[in-house]
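Going down the list, the sequences are from chains F and H.
FYI, in the numbering used here the residues of the first sequence are 1 to 331.
FYI, in the numbering used here the residues of the second sequence are 1 to 331.
Because the hints were derived from the structure by calculation, they are not lab data.
Among the hints, a few may not be true.
Because identical chains share one entry, a pair is satisfied inside a single copy or across any pair of copies.
[What the hints assert, rightly or not] Here are the computed lysine-lysine pairs in the DSS-like style, where the Cα-Cα straight-line distance is at most 30 Å:
#1 K265 / K254
#2 K108 / K289
#3 K289 / K265
#4 K289 / K272
#5 K307 / K296
#6 K188 / K272
#7 K254 / K66
#8 K265 / K188
#9 K289 / K4
#10 K188 / K289
#11 K254 / K272
2 protein chains.
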Amino acid sequence: MNNKTDLRSMEVGVVGLGLMGSSIVVSLLLAGHPVKAIAPIPEDMELAATRIREQLTHCYKSGLLKGPVHVYEARLKIAEDYRLLKNCDLVFECVIEDIEIKASVYAKIAKEIRTDAVIATNTSAISISILQQLVPHAKRFIGIHWAEPAYATRFMEITCGAETCADYAEWIFDIAHQWGKEPTLLRKDIRGFITNRLMYAVYREIFHLVDQGVATIEDADKAFRYDAGSWMTLMGIFRRMDFTGLADCTAILKTVFPTLSNTDKVPSLMQKMVDSNARGTQNLVGLYKYTAKEAKEWEDAFAMFNKDIYQLASFYPSEKNGVQFKVVPLT
Amino acid sequence: MNNKTDLRSMEVGVVGLGLMGSSIVVSLLLAGHPVKAIAPIPEDMELAATRIREQLTHCYKSGLLKGPVHVYEARLKIAEDYRLLKNCDLVFECVIEDIEIKASVYAKIAKEIRTDAVIATNTSAISISILQQLVPHAKRFIGIHWAEPAYATRFMEITCGAETCADYAEWIFDIAHQWGKEPTLLRKDIRGFITNRLMYAVYREIFHLVDQGVATIEDADKAFRYDAGSWMTLMGIFRRMDFTGLADCTAILKTVFPTLSNTDKVPSLMQKMVDSNARGTQNLVGLYKYTAKEAKEWEDAFAMFNKDIYQLASFYPSEKNGVQFKVVPLT
Numbered sequence: 001m002n003n004k005t006d007l008r009s010m011e012v013g014v015v016g017l018g019l020m021g022s023s024i025v026v027s028l029l030l031a032g033h034p035v036k037a038i039a040p041i042p043e044d045m046e047l048a049a050t051r052i053r054e055q056l057t058h059c060y061k062s063g064l065l066k067g068p069v070h071v072y073e074a075r076l077k078i079a080e081d082y083r084l085l086k087n088c089d090l091v092f093e094c095v096i097e098d099i100e101i102k103a104s105v106y107a108k109i110a111k112e113i114r115t116d117a118v119i120a121t122n123t124s125a126i127s128i129s130i131l132q133q134l135v136p137h138a139k140r141f142i143g144i145h146w147a148e149p150a151y152a153t154r155f156m157e158i159t160c161g162a163e164t165c166a167d168y169a170e171w172i173f174d175i176a177h178q179w180g181k182e183p184t185l186l187r188k189d190i191r192g193f194i195t196n197r198l199m200y201a202v203y204r205e206i207f208h209l210v211d212q213g214v215a216t217i218e219d220a221d222k223a224f225r226y227d228a229g230s231w232m233t234l235m236g237i238f239r240r241m242d243f244t245g246l247a248d249c250t251a252i253l254k255t256v257f258p259t260l261s262n263t264d265k266v267p268s269l270m271q272k273m274v275d276s277n278a279r280g281t282q283n284l285v286g287l288y289k290y291t292a293k294e295a296k297e298w299e300d301a302f303a304m305f306n307k308d309i310y311q312l313a314s315f316y317p318s319e320k321n322g323v324q325f326k327v328v329p330l331t
Numbered sequence: 001m002n003n004k005t006d007l008r009s010m011e012v013g014v015v016g017l018g019l020m021g022s023s024i025v026v027s028l029l030l031a032g033h034p035v036k037a038i039a040p041i042p043e044d045m046e047l048a049a050t051r052i053r054e055q056l057t058h059c060y061k062s063g064l065l066k067g068p069v070h071v072y073e074a075r076l077k078i079a080e081d082y083r084l085l086k087n088c089d090l091v092f093e094c095v096i097e098d099i100e101i102k103a104s105v106y107a108k109i110a111k112e113i114r115t116d117a118v119i120a121t122n123t124s125a126i127s128i129s130i131l132q133q134l135v136p137h138a139k140r141f142i143g144i145h146w147a148e149p150a151y152a153t154r155f156m157e158i159t160c161g162a163e164t165c166a167d168y169a170e171w172i173f174d175i176a177h178q179w180g181k182e183p184t185l186l187r188k189d190i191r192g193f194i195t196n197r198l199m200y201a202v203y204r205e206i207f208h209l210v211d212q213g214v215a216t217i218e219d220a221d222k223a224f225r226y227d228a229g230s231w232m233t234l235m236g237i238f239r240r241m242d243f244t245g246l247a248d249c250t251a252i253l254k255t256v257f258p259t260l261s262n263t264d265k266v267p268s269l270m271q272k273m274v275d276s277n278a279r280g281t282q283n284l285v286g287l288y289k290y291t292a293k294e295a296k297e298w299e300d301a302f303a304m305f306n307k308d309i310y311q312l313a314s315f316y317p318s319e320k321n322g323v324q325f326k327v328v329p330l331t
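Looking at chain F on its own, in the form it has when it is part of the complex (with noise of 0.2 Å):
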């Protein structure tokens, strides 16, 4: 399964049409494949095609497509009738995170699907082994998690259930580098996957600071925007070490483990943000307060930033085939 997949002759599905699923469709029309996409709800079926467009134009824009934007809105079909997938060998479902609605577009996706097909979940917070007994074949049903905006984000989580088939896993991860991907893949279903899972080690220690009044919201924030900002888009963790010495680090882990907080209860700060229905920059009240304007700037800053970082990262080595240098020496 190691040989380059011919894209354009792989049907793909996308079932539920919102933000997410959206630029989905976008990421694999860019890919080259025919997509057929489901809206579940008659809302995206009205609003889907217009933010498609919309995506495809802005990726025109920053030069991400090779021909004309009616050239890939030409290999994609829209519909409700999960029919429209019956040749498709790959299926994504995008819906909301309730497992009852997701039994429900399973049974309707299986039912038209062929039997050699893959299903695969864009799910973030429920777990692969427990979704895959909602369909027929579970060693064909596997967890990959995009980041948004998918089409201009490198980053995929590919995640096995407990009965995952380990090939379909590896023939998912070769496809996604010709995504324009870089993919982890996570052979056990753990909760949180990898990013979030270790960033929920570091909400338990630094909620712990804050409680202790040892440091406030706004040094960690400036900690990990300015300092681990400075180094972690280049060399991820494990190489950081390598770069910063490994004798040292090993001996200040000793002394610094039996330290950290092993707690195991919410933090009492997120309780009572919870408590008071805070909802961050969703209703301007949260850990932060914000006006409408500061919220919206919030959200532009975050989109641009994305692309931003995006072409920055690309200059520099990539994992995808071995490390590959571009950079120039600093004069």
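For chain F, the structure is supplied; the task is to place chain H on it using the hints.
Below, chain H without anything else, positioned relative to chain F:
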């Protein structure tokens, strides 16, 4: 102490002119201070002036200077004799992480400086509360931890020891903004300060996952480079939560915290590395393998990335004077 300080009339000392000390000198010169630099090692006495001139020239080419290099150099004096420090308001100790060497340096500094001057250490490994026992006026001793290179990074950790007077910490915190920093102020002295301590929580969890065969070190690096890296420098930890939703996050914390690693033990992979004298890029044997050429290329890439991310970050909201939006929305 909240008035803006005239840095041109505030003499600052730097003791120890290795890589870090030199770039701290450059950063202080850029900010306008007259700088008195002490080279405790004869080798530094020879090399430091050249290195500082090279760094100033590099800053000049990068547009960081307001005038020619010689104007900045004229405000710098380098000597072996500690009497040079007699009029300094603040003296930075930047010698190696050896408590006996630091003790001897503090004795020499304390003998010459005014009794109302503040001594700061750049240590990242030794407790401020312990080091401040080695000076005559513990309340005027503080941790000021710079990131390398000091003139091209915004991060700065200000840390109080148990006996540090909070007024001095706030004075430094204010001045740090005039140095172009986004400082954090740790009111209690904890191991690893903020960033490193949070990264130790990450290490504990990821080594556990690697050990269990759930993920590889390459997976972890990709997850942090391309996923966490896509928002880290823009938002930090807490603002990211406001952006992604507080209720969902809280619900997940409740189920994930009990599954995170609580181990006190040094990861076996790290112990193996240390036992086999793996020193990362320094001796080309680490968590990854390197050729001499690759190690050099990573070093160059780091210097370049640091400059790139510094510039990119400067386009985005800063915490300095409240959040200031400078971005324009994507079209």
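Going down the list of hints, with the structure as the test:
1. K265 / K254: For K265 and K254, both the intra-copy (25 Å) and inter-copy (7 Å) Cα distances are at most 30 Å.
2. K108 / K289: neither (43 Å within a copy, 49 Å between copies)
3. K289 / K265: Answer is within; shortest intra-copy Cα gap is 25 Å, inter-copy 40 Å.
4. K289 / K272: For K289 and K272, only the intra-copy Cα distance (15 Å) is at most 30 Å; the inter-copy one is 47 Å.
5. K307 / K296: Both ways: K307 and K296 sit 17 Å apart in one copy and 29 Å across, limit 30 Å.
6. K188 / K272: between (34 Å within a copy, 25 Å between copies)
7. K254 / K66: The answer is neither: 53 Å in one copy and 46 Å across copies each exceed 30 Å.
8. K265 / K188: For K265 and K188, both the intra-copy (25 Å) and inter-copy (23 Å) Cα distances are at most 30 Å.
9. K289 / K4: Classified as between: cross-chain Cα gap 28 Å, same-chain 49 Å, threshold 30 Å.
10. K188 / K289: Intra 39 Å, inter 26 Å, cutoff 30 Å: inter-copy only.
11. K254 / K272: between (34 Å within a copy, 14 Å between copies)
Hint check: violations occur at hints 2 and 7; the rest are consistent with the structure.
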